[in-house]
Structures are given as C-alpha cells and as structure tokens.
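Asks: Sequence:
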Amino acid sequence: MIDVTDRGANSSSSLSETAHKKHPVGRVGRPKDIGKACLFLASDESSFITGANLIIDGGMTRKMVYVEKRW
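My numbering applies: residue 939 is where the sequence shown begins, and numbers increase by one.
Bear in mind the hints are in silico, worked out from the structure with no lab data behind them. All C-beta atoms, glycine included, are put in the ideal place defined by N, C-alpha and C. Hints are supplied without guarantee of correctness; some may be wrong.
[Unchecked claim] No farther apart than 30 Å at their CA atoms in a straight line, the calculated lysine-lysine pairs in the BS3-like style are these:
#, residue 1, residue 2
1, 959, 970
2, 1001, 974
3, 959, 974
4, 1001, 960
[Stated by the list, open to error] Quick list of simulated restraints, FRET-style, between CB atoms:
#, residue 1, residue 2, range
5, 993, 956, 20 to 30 Å
6, 1008, 980, 18 to 28 Å
7, 956, 1003, 29 to 39 Å
8, 978, 998, 11 to 21 Å
9, 1009, 980, 13 to 23 Å
10, 961, 1008, 38 to 48 Å
Given only the sequences and the hints, what does the whole structure look like? Please build it.
Replies: As structure tokens, this is what we get:
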C-alpha cells in the first residue's frame, strides 16, 4: 500500500492508524520510498545487480500466507 495523497509535510495522514500498524515497518509506503529505490537502481551502486525483483513493500510480503491449491 502506497499513500499517494498529496497533503504537504505537516498534514496528518488520511490513512488510519490501524493501516499503518499492519505494516511491519509501522507505516504505509510513500511515493518517495519508490523514488529512492529507483534512484538506487539508476546509480552506480547497483551496477552489479542483474535480473532481480526488488520488492518495496515495507515487509508486507513477509506477513502473507501462501496456500497451495490442490485440485
């Protein structure tokens, strides 16, 4: 979940405290979280990274439960 509402630096979040607490890092993602990852991938610091999936979710995939369906 990324909060993309443009509210300015001092505005309170439109998302509930419960939504923030559901994330392992204690908050939902912000557009700048994605931007920082993009800047990293475009930088020389990532020059040895090839063919990888970069998951930017604040740890939410760690909380997911995957159930194999058996037909």
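Asks: In ascending order, which of the hints set out earlier in this document are inconsistent with the structure?
Replies: Result: hints 6, 7, 9 and 10 break, sorted rising.
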